[in-house]
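**Q** Here is how the chains run, residue by residue.
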Amino acid sequence: MRLWPLLLVMLLAPVSSTQAQSGDGFVDVSIGIFVHSPPAPVVVAPNATKTPAAVAEPKQVAAVRTAETRFLPMYLRYRLEQTGNFGAVRVLPVPDNGAELKISGEIVRSDGAVLELAIKASDSTGRLWLDRSFSGNAVASETLSGDAIAEDAFAGLFADIVRELQRQLTALSADDINRIETVALLRYGLGLVPEAFSPYLSEDANGVAIIKRLPAADDPILTRIVSVREREYLFIDVVDAAYGQFYADVKPVYDLWREFQREQTDSSAARTARELAAGSDFARGSYRALQESYNNYRWTKLQELYVDELGEGFTNEVEPTSLQLDDSVFRLSGTLEQQYRDWRRILAELFALETQ
Amino acid sequence: MPASGLFTHCLSLAMLCFRLLHRLLILGSSCMLLFVTACASDQVAGPAALNTSAAPKHSGALTDFSGHWEKNYQLSDDFNTRFQLYIADIQRTFTQSNVEATGFSPAGGVNADAINGLARFAEEITRMPLLDITQDAAGIDIERENDFNLRCAYGELLYVQSSNAFGNDLCGWNSERMVFRMQLGGGLAISHQISLSPDGGQLNVTTTVSSDLVAVPVVISNYYTRFNPPEDNYDCQLTLTRNRVCTQQGRSQ
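Going down the list, the protein sequences come from chains A and B. Residue numbers for the first sequence follow the numbering used here, beginning at 1 and rising by one. Residue numbers for the second sequence follow the numbering used here, beginning at 1 and rising by one.
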């Protein structure tokens, strides 16, 4: 069935006002799904004739790592929302063309005891807000109010990120914010109807946006772009809600996994240090000495097994939720992509008709 | 250890392997792996680390050991007999080395405590009445009663080395056999070599335990027969928030 007549009606219909509408004086934030830092490259000997083969990541490790890439940006989202100083804050699986403030994150280290994130944030005009690493040790936190958002082992690290972003935000004037919103809209238009929006915007050598001129306030193509963006937000909000559900389902399991992992790391380090410092009381080569040596080794192997079991428990509990989210994101992203293609085609046709 | 010391150490291990090739044919094929691990063991032993930088890829045709295995006591080594042979072997080695004066002699002469200790220890770690093996393209997991799982995440690699504060290990393929080799503190080394009979019904686990205070390692060969455990009516899953969650087969929870 051809969708375009329906879409045309949608484009020409008036847009209902939503919270996320551009020009509200607040900077909207789009947070991308985080990524894990790539593993350290394998050093190949200069005279090696064969490339080392790759070792597949165990399933239980992969499940935790995947969950983290979604969980951590969601937590950042809630922290930013809590400040009340930003506009709509969304977590997106795909790049947002019309983002006012775009945040990306890389998980450098996450082992339950230590979390290190490399965060980059830049606005639509190309201004860099933040590009640095944040690292923190887990601290058990409990609030009097029982605030689930504040009660996170790495709440301090996220507070640092939010503080840094707020510092940048408060340094902006109303004109700056207005400019960020305008450029975001023009960039969005550029992605949909490049022929109509390319005269308005260019970039300098550093990637900073230069507004060459602005379309008229009643420009029909601009009105349609605003309309399309509002409708895209409706789709995005559904994806965002799916991430919200994922966060709520996974949080108790992930918190527990981090706690167990932390306890294991601490006790393991303590025992290893104790055993190595104490040395052996038995004669070298005797049955007792051999047994002691083997038991120490066996203990480390059992610890490895325990860590894997934690991962397995995590996977078993989170996998159904994770698959559900994958499915939602896949379906909605696919629909959005199709919509985007249709919008682009129709808008190009309309622009051609109007400029003939 | 200085480079010259390391070389001497590796050389003496190579000589030990060469000797053992004549005496214990079963050990011959694992000699290269033993050599690699033993030399690696003198390097840094930090926290658990995996080193795959030098490992080549395996051929791709892997033996499938998966299944439930129970010890076949008739075919397996009887420890008392094995111990008698072992003592005889040590006496022969000691006498021969004295006569030939090749330098291949146990440190400090015959250390009876070390010999008995090694034998007793070898017997203890080779009891393993049941083995439960799961295996796929990524690796193998051998669950043993009363001991840690022997696991090897070989993936595409021929062998994988790792280390922790208490020892170094290497596991991998030696033709159609799977080898686990551990070099632990106090001069203790253990290797398990696992092979399958041509019809797939018998599993052989040959364990070699050696100490740097005893010239001849203890070698124990155990056989296992495949068995099908009674069907479990429960399907259990490990979870973090609810521990182990079991459901009856064919029924939802």
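Hints were generated in silico from the structure; no laboratory data involved. It is possible that part of the hints are untrue.
[What the hints assert, rightly or not] Cβ-Cβ distance ranges computed for the label pairs, FRET-style:
(1) Q82/A / V245/B: 28 to 36 Å
(2) E230/A / Q248/B: 48 to 56 Å
(3) E70/B / D281/A: 45 to 53 Å
(4) S333/A / R242/B: 29 to 37 Å
[As the list claims (entries may be wrong)] Incomplete in silico selection of chain A near chain B, CB under 7 Å:
(5) V253
(6) W257
(7) S286
(8) F314
Using N, Cα and C, we set each Cβ at its ideal position, and we do this for glycine too.
**Q** Quick check on V253/A please, does its C-beta sit within 7 Å of some C-beta on chain B?
**A** OK, holds: V253/A within 7 Å of chain B, min 5 Å.
**Q** May I ask you to test the interface hint for W257/A with respect to chain B, counting a Cβ-Cβ separation under 7 Å as satisfied?
**A** 6 Å, holds
**Q** Hint says 45 to 53 Å; check whether the CB-CB distance for E70/B and D281/A agrees.
**A** Given a distance of about 38 Å, which is not inside 45 to 53 Å, the answer is violated.
**Q** For the hint 29 to 37 Å, verify it against the beta carbon of S333/A and that of R242/B.
**A** 33 Å, holds
**Q** Do the beta carbons of Q82/A and V245/B sit within 28 to 36 Å of each other?
**A** 34 Å, holds
**Q** Using 7 Å as the Cβ threshold, decide whether F314/A counts as touching chain B.
**A** 6 Å, holds
**Q** Is 48 to 56 Å right for how far apart the beta carbons of E230/A and Q248/B are?
**A** 51 Å, holds
**Q** Once the shortest beta carbon distance from S286/A to chain B is found, is it less than 7 Å?
**A** 5 Å, holds
Of the hints listed earlier, the one the structure fails to meet is number 3.
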